[in-house]
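What follows is the residue order along each chain.
2 protein chains.
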Amino acid sequence: MNNQTIPNPLLKRVSLTPHRSAIQFENRTYTFQEIYELSFQMAGHLQGLGVKKGSYVSVLLRNHIDTAVVLLSLQLLGGIAVILNNRLTSEELAFQIDDSKSMLLITEDSFMEKVEDLEKVVSIVRKESMENTPFDEPHLVKEIALDDICTVMYTSGTTGNPKGVLQTYGNHWWSATGSALNLGLLEEDCWLCSVPMFHISGYSILMKSIIYGMRMILQQNFDAKETIKVINEEKVTIMSIVTTMLTRVIEELGENSLGASFRCMLSGGGPVPIPLLEKCVEKNVPVYQTYGMTETSSQIVTLSPEFSIKKLGSAGKPLFPSQLKIVDAVGNDVGALESGEIVVKGPNVTPGYLNRDEVLSDGWLKTGDIGYVDEEGFLYVQDRRSDLIISGGENIYPAEIEGILTAYSDILDAGVIGVDDEEWGQVPAAFIVSKEPLREKDIIEFCTKKLAKYKLPKKFYFVEEIPRNASRKLLRRELRKMYEELQ
Amino acid sequence: MNNQTIPNPLLKRVSLTPHRSAIQFENRTYTFQEIYELSFQMAGHLQGLGVKKGSYVSVLLRNHIDTAVVLLSLQLLGGIAVILNNRLTSEELAFQIDDSKSMLLITEDSFMEKVEDLEKVVSIVRKESMENTPFDEPHLVKEIALDDICTVMYTSGTTGNPKGVLQTYGNHWWSATGSALNLGLLEEDCWLCSVPMFHISGYSILMKSIIYGMRMILQQNFDAKETIKVINEEKVTIMSIVTTMLTRVIEELGENSLGASFRCMLSGGGPVPIPLLEKCVEKNVPVYQTYGMTETSSQIVTLSPEFSIKKLGSAGKPLFPSQLKIVDAVGNDVGALESGEIVVKGPNVTPGYLNRDEVLSDGWLKTGDIGYVDEEGFLYVQDRRSDLIISGGENIYPAEIEGILTAYSDILDAGVIGVDDEEWGQVPAAFIVSKEPLREKDIIEFCTKKLAKYKLPKKFYFVEEIPRNASRKLLRRELRKMYEELQ
Chain L
1 MNNQTIPNPL
11 LKRVSLTPHR
21 SAIQFENRTY
31 TFQEIYELSF
41 QMAGHLQGLG
51 VKKGSYVSVL
61 LRNHIDTAVV
71 LLSLQLLGGI
81 AVILNNRLTS
91 EELAFQIDDS
101 KSMLLITEDS
111 FMEKVEDLEK
121 VVSIVRKESM
131 ENTPFDEPHL
141 VKEIALDDIC
151 TVMYTSGTTG
161 NPKGVLQTYG
171 NHWWSATGSA
181 LNLGLLEEDC
191 WLCSVPMFHI
201 SGYSILMKSI
211 IYGMRMILQQ
221 NFDAKETIKV
231 INEEKVTIMS
241 IVTTMLTRVI
251 EELGENSLGA
261 SFRCMLSGGG
271 PVPIPLLEKC
281 VEKNVPVYQT
291 YGMTETSSQI
301 VTLSPEFSIK
311 KLGSAGKPLF
321 PSQLKIVDAV
331 GNDVGALESG
341 EIVVKGPNVT
351 PGYLNRDEVL
361 SDGWLKTGDI
371 GYVDEEGFLY
381 VQDRRSDLII
391 SGGENIYPAE
401 IEGILTAYSD
411 ILDAGVIGVD
421 DEEWGQVPAA
431 FIVSKEPLRE
441 KDIIEFCTKK
451 LAKYKLPKKF
461 YFVEEIPRNA
471 SRKLLRRELR
481 KMYEELQ
Chain V
1 MNNQTIPNPL
11 LKRVSLTPHR
21 SAIQFENRTY
31 TFQEIYELSF
41 QMAGHLQGLG
51 VKKGSYVSVL
61 LRNHIDTAVV
71 LLSLQLLGGI
81 AVILNNRLTS
91 EELAFQIDDS
101 KSMLLITEDS
111 FMEKVEDLEK
121 VVSIVRKESM
131 ENTPFDEPHL
141 VKEIALDDIC
151 TVMYTSGTTG
161 NPKGVLQTYG
171 NHWWSATGSA
181 LNLGLLEEDC
191 WLCSVPMFHI
201 SGYSILMKSI
211 IYGMRMILQQ
221 NFDAKETIKV
231 INEEKVTIMS
241 IVTTMLTRVI
251 EELGENSLGA
261 SFRCMLSGGG
271 PVPIPLLEKC
281 VEKNVPVYQT
291 YGMTETSSQI
301 VTLSPEFSIK
311 KLGSAGKPLF
321 PSQLKIVDAV
331 GNDVGALESG
341 EIVVKGPNVT
351 PGYLNRDEVL
361 SDGWLKTGDI
371 GYVDEEGFLY
381 VQDRRSDLII
391 SGGENIYPAE
401 IEGILTAYSD
411 ILDAGVIGVD
421 DEEWGQVPAA
431 FIVSKEPLRE
441 KDIIEFCTKK
451 LAKYKLPKKF
461 YFVEEIPRNA
471 SRKLLRRELR
481 KMYEELQ
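Protein sequence lines, in the order shown, are assigned to chains L and V.
Per full-length UniProt numbering, the first sequence runs over residues 1 to 487.
Per full-length UniProt numbering, the second sequence runs over residues 1 to 487.
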């Protein structure tokens, strides 16, 4: 049976448990029935705007109940959500909207300034004015095929422009069930989502809420004090977190600990430093370290807390439906404890990228990350792809910044690396070769239009030459040596 | 991505949680590591006997730790287990072994008398002598495709010979995860299996144990006193049961109730009578009524206890991945509260029957059962396929018995229906037209060689004529009227 089908997740959920709590946002709790009714209304307006099965629709929204409704209404219609990172600049957004050939951009008042110029490339509708658009009795997609594309999220490659990662309904389904097999599934489960819904970390919580019939608490922004309050008062059991957030929660906790109902801090976006992990153990905060990416529709490898000390620093083992291997430069498997590229496979792994021909070899995705597995099969991630910078949970790709820098008229060559930062884990540092002396201020001003704020280099070094090999390939390790000598 | 793959379930489980308790049998608990090692050994011997990926291997074994090991070793090799009902006669077994072209029959000493004559049709190996067969380092199938056939179990059609239901790895996987999404998945879960492993009810518990990493307790036979003792002492949380078993457990309980850890009595194989259900409510025994069949790889529709009184008599709603509709004689959907044939669809539904051309229409399986759904979508099963007799959880197909009866030289015509029985729910009653007066004893003696004991008619009525329509089709409703008049 090729391309298995299942019922449309929201329709199925509302038929099973309409009156259960679904999403809590700003002190109001919505049942699955209410979420369905809101999504149905939204679907009618979107259909009125021309959205139908297979339409690509860009979504630029902050965490909000309306965002959940927009995303679910697209599922009801069989539309494909191209979910845009809020922090991108107008130019970056334009690229993704254009590349995905989105027929509509759904956004909100607070982003209107940013999207003003985009009206040339796409029709724009603000959620605040959705009610004024015509309502057309929506044609609901009752059954979805697991291979159908549900969402597209862009990530940058090692070179060139960002690529749209295709995420199928099956990818989201297997991710949710693979996680449940690992973490268990309790009636009282409640997942706190203060990570962005435009990242797979947030979107996957929404999918779990629907598939599990589980309450989720959605927050617009992360705030450590608020997090602790909500966990304790609302009996949160699971929270998705990145290291910078976890650090603040632990600081804010002080001598206190979290409520007894809390059972899992699911930590992604880079390894948790050992001293922080030790503090968590001390305070009885159960940290599940994970390894995953947009291409794996969230976690693919997870470490249970029972191993968090014995296997300190490990990301764990691949979830039940998934596989992992470490390969050398020519693609051969290496033995235990030998470093190599991490290659993953599983029904939660993307079938590929939008408008790109790259195909996975027998389902295996080359992550570009470096790591090894120990004799017992636990994964240790040594380096996210040699060039990747993780800053406060956001992925930054140096090639993208380098491309912008060298577009600046007086810059002859540029190289970017991630350097340690107490607050953000890492921040980008730029090495620049220029004709004339340049002012940082001018370079930043130039970049600000083209790069999201978190991608802007925080340090600049003006040098004679960027280290490159004979074929002009940037030698990032040499750049790192130069950086260390400069400290 | 056609034909998705996942890791071989046992290999994956042993890599994730080798030291967790897997199966408890006769006061010994085996970890997943131990189960794996036993299965590996067994796989080596089976490979030595010629079993390889795709081989059909018949299995005739009683519930025992060895049975779990044999079934899992076949999964390790990618062999297909044709799982035989222990209660079948030699002739019935011969048909299934021949129809499936099994290259080997694995059985045990206690069945040797029964299988003696089968040596003409298949090689036979007894589990007790497995160690004396050559061991060949087994080629383990590391990755399985969800569409690969894992097991075959025979059921009878409305006419003619039994058909081999194909169950894929995907069917078992989706059944296990669909159930977990409904029942939840707790670390302390422990499933009591005293239903036969040759039925999907028992086999599906084994699959859940592997996929969930859950402890199961395996019993050779059902005994009400023992059941209560084990539930309480071993902190069982879930048990699969049929009505006749449930009646005995409730009787045996007397004034007592079950241990607090117990959370789910999963009841299949026909509806639970309302007085029994009321007794269960009284005693705080949470009964989940289900509807399912070999073709749906166990439950496909389940009623949560929260609805067991409000929706008394309902089998519930289809599990998350599954769908249900009620159709009229020409296949059109009927409205709520209207009776019709129950038709089901989902990734847990069989792709079809062995060596048969019948294909499902767009994935929909016609169950032959009659029922309706209420306005809220709850299923009420009114009649298992008009002819099906359910006796102590075993399915009996009248056509099969009629075929045997009419083969008896002096019988001119015969008709069989199920009649109520206090102990077994239903038993078969035979109506016979004969040339000469016949003795029940002689007919039973004749049938005993050809029919499993539970299929033997318990009552005989000698009549002038069997009611048939113009095209000679048996009018079973008329037969039932005749029966009622005779009481």
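Just so you know, not all the hints are guaranteed correct.
Treat identical chains as interchangeable: a pair holds within one or across any two.
The list that follows gives simulated cross-link-like pairs (lysine to any residue, SDA-like), each with its CA atoms no further than 25 Å apart [to be verified]:
1. Lys235 x Leu186
2. Lys142 x Pro351
3. Lys453 x Ser90
4. Lys450 x Glu113
If you are wondering where the hints come from, they were derived from the structure by calculation, not from laboratory data.
Status of the hints after comparison with the structure:
Within a single copy, lysine 235 and leucine 186 get their C-alpha atoms as close as 13 Å, and across copies as close as 18 Å, so both meet the 25 Å cut-off. For the homomeric pair lysine 142 and proline 351, the shortest alpha-carbon distances inside one copy (23 Å) and between copies (21 Å) are both at most 25 Å. Taking the shortest Cα distances, lysine 453 and serine 90 sit within 25 Å of each other inside one copy (12 Å), while across copies they are farther apart (77 Å). In the homo-oligomer, the alpha carbons of lysine 450 and glutamate 113 lie at most 25 Å apart inside one protomer (15 Å), although the nearest pairing across protomers, at 82 Å, exceeds that limit.
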